[in-house]
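Sequences listed follow chains D and H, in order.
All you need for my numbering is the position in the first sequence, starting with 1, plus 9.
All you need for my numbering is the position in the second sequence, starting with 1, plus 859.
Treat the hints as calculated values from the structure; they're not laboratory data.
These numbers come from a predicted model, not from an experiment.
Glycine included, C-beta positions come from ideal geometry on N, C-alpha and C.
Heads up, a few of these hints could be off.
[Stated by the list, open to error] In silico contact screen, one side only, chain D against chain H (beta carbon under 8 Å); selected entries:
no., residue
1, L22
2, Q26
3, P69
4, K70
5, A94
6, Y95
7, K113
8, P114
9, V115
10, D118
11, N235
12, D236
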Amino acid sequence: MGNLTLVIIDDELNARQLLEEIISESPSFSIVASCADVDTAFREIQSQRPDAVLLDIQLPKKDGFFLVEMMKTLDHIPEIIFVTAYEQYAIRAIKAAAFDYLLKPVRKDELRSSLDKLLLKKRNSMQRARIENLLKGLERRDKLRFNDREGYHLVDPSDILFITASGNYCEVEIINGKNLLVSLNLGKIEKSLPASMFSRVSRSCIINTDYLFRIDRKKMTCLLKNDEIFECVCSKSYLKALEDKF
Amino acid sequence: MAIKDDQGRIEVLSWNENSLYRFRFVLYALIFVLFVLFFLTIIWIQYIIRDRRQLTLLRISSLQLESIQNQLQPHFTFNVLNNIGALINRGENELGYKYLNDFSDMLRVVLASSGETNWSIGNELSFIESYLRMENLRYTDKFHHRISVSDPELYSRKTPKLMVQSFVENSIKHGLVHKDGHCRLYIEIEMQTEHTRVVVEDNGIGRKQAAEISRQGSGRGLQILKRYINVYNRNYRTRFSIKITDLNGDNGESSGTRIEILIPADLR
Chain D
10 MGNLTLVIID DELNARQLLE EIISESPSFS IVASCADVDT AFREIQSQRP DAVLLDIQLP
70 KKDGFFLVEM MKTLDHIPEI IFVTAYEQYA IRAIKAAAFD YLLKPVRKDE LRSSLDKLLL
130 KKRNSMQRAR IENLLKGLER RDKLRFNDRE GYHLVDPSDI LFITASGNYC EVEIINGKNL
190 LVSLNLGKIE KSLPASMFSR VSRSCIINTD YLFRIDRKKM TCLLKNDEIF ECVCSKSYLK
250 ALEDKF
Chain H
860 MAIKDDQGRI EVLSWNENSL YRFRFVLYAL IFVLFVLFFL TIIWIQYIIR DRRQLTLLRI
920 SSLQLESIQN QLQPHFTFNV LNNIGALINR GENELGYKYL NDFSDMLRVV LASSGETNWS
980 IGNELSFIES YLRMENLRYT DKFHHRISVS DPELYSRKTP KLMVQSFVEN SIKHGLVHKD
1040 GHCRLYIEIE MQTEHTRVVV EDNGIGRKQA AEISRQGSGR GLQILKRYIN VYNRNYRTRF
1100 SIKITDLNGD NGESSGTRIE ILIPADLR
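Bound-form chain D, shown alone (with noise of 0.2 Å):
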């Protein structure tokens, strides 16, 4: 899992040093840039694209609170944790959306608390960004496309509840009672399906298994339940492969 990458920003030497002792006794945490002024640490913000920066409020020139105006302009703005000496700015930092506000001298739990809450923070981002990248992925159903005499139908693979042959047609029920006559035969539509959503329960037959509550083995027919329900009969050799999905 990656590593936090920090800069810091003090006037001071020994407080620029001191922050850094602390910081690289744990691996999690990198420090990419170590600056005394507003100018130099805006550069290597924009360079580095650290995940947090560690502020002084009082620095020559251009403040802290100047630095996090300057930031506002950046795609990627970087959380703040701002380390100073004297409580005088607590609520304005507070208003400028700091992550936290130590105090000095640094008392290492503390900035260790602070860093780690950060590190959870940015995991947990991080692994929501994959789960929905995941789900993007497994939602991703493009509709379908129905052609028809007059021009298509555009049908969402969900709003399908099953498929039935007939000939060089097929019939598509959808929810709502609707239904379409398709001039395809079923072996090219179940190749459009997402397949796993539909399954093929009989030779002219495909359900959509989200809406399957029953198999009876002994009439071979599967119920499917909307608004109403529907049977459909099923073949053995595809009804092995549907149980297999359960």
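Could you slot chain H onto chain D? The hints should help.
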């Protein structure tokens, strides 16, 4: 007294001179004197009220000055402690211990002298030396200073506590910290018959640029000090004076700030 009778003739009954008539000029003089006395009394009462208000003001402003003198700036204090912490953490314990001693001395001096508004120039200068040592710890020997005292007798003359120091602090905070490169600070103490003359000169960025950088003006300490001086000057013959000069280099650019302070020599 004259009376008209029924036939319309006027009859004189009697005529008496008012016995006070002869003293009329004395009376006029008396009334005049009373008026003058009355106004004098009013002026006198006003004067007493004003005087008392002045004394109260002087008392209030010297108390305010005292309260500000009896503390070190929190921002400065915690930054110094953070620096000492950094030295300890790095294992430079000897150095850390030395600075801890220096800082303790500063604290002790400020606390031990609480209750006095004024102390000796000698105390002031040794405090300034400690203060500059701490600032040089914070800013890795950025500031170079020279102190010159024209007469050893000056060490025992009095100054309001931390007055010169607050100007030195101002020079550093608003002038020198923002400057890249060599930072110089001169402090000159000179003997005059009625005054002690103190000059604090820096080669910082100058007041104009400092005002552009700093969102806050001069600190609360200096404001209180100025108010105290104003009230003091209304009450004593020998007065304080503060003159600030913006220094300009040959090219007309700002090359620093000079502050000239005259402290009454009879300050106790």
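Now the hints, each set against the structure:
1. Hint status for L22 (chain D): holds, given a least beta-carbon distance of 5 Å to chain H, under 8 Å.
2. For Q26 (chain D), the interface hint holds, since its Cβ comes within 8 Å of a Cβ in chain H; the closest pair sits about 6 Å apart.
3. Among the interface hints, the one on P69 (chain D) holds; its C-beta lies about 5 Å from the nearest C-beta in chain H, closer than the 8 Å criterion.
4. Satisfaction of the interface hint for K70 (chain D) is found here, the shortest Cβ-Cβ separation to chain H being roughly 5 Å, below the 8 Å cut-off.
5. Interface hint status for A94 (chain D): upheld, as the beta-carbon distance to the closest one in chain H is roughly 4 Å, under 8 Å.
6. With a least beta-carbon distance of about 5 Å to chain H, the hint placing Y95 (chain D) at the interface is held under the 8 Å criterion.
7. Against a cut-off of 8 Å between C-beta atoms, the interface hint on K113 (chain D) holds, since the closest Cβ of chain H lies about 4 Å away.
8. For the restraint placing P114 (chain D) at the interface with chain H, the shortest Cβ-Cβ distance is roughly 4 Å, inside the 8 Å limit, so the hint holds.
9. Using the Cβ-Cβ criterion of 8 Å, the hint placing V115 (chain D) at the interface with chain H is satisfied: the shortest such distance is roughly 7 Å.
10. The closest approach between the C-beta of D118 (chain D) and any C-beta of chain H is roughly 14 Å, which is over the 8 Å cut-off, so the hint fails.
11. This hint is violated: N235 (chain D) has a C-beta 66 Å from the nearest C-beta of chain H, more than the 8 Å allowed.
12. Annotation: interface hint on D236 (chain D) violated; nearest CB of chain H at approximately 67 Å, more than 8 Å.
Checked against the numbered hints listed earlier, the structure breaks hints 10, 11, 12; every other hint is satisfied.
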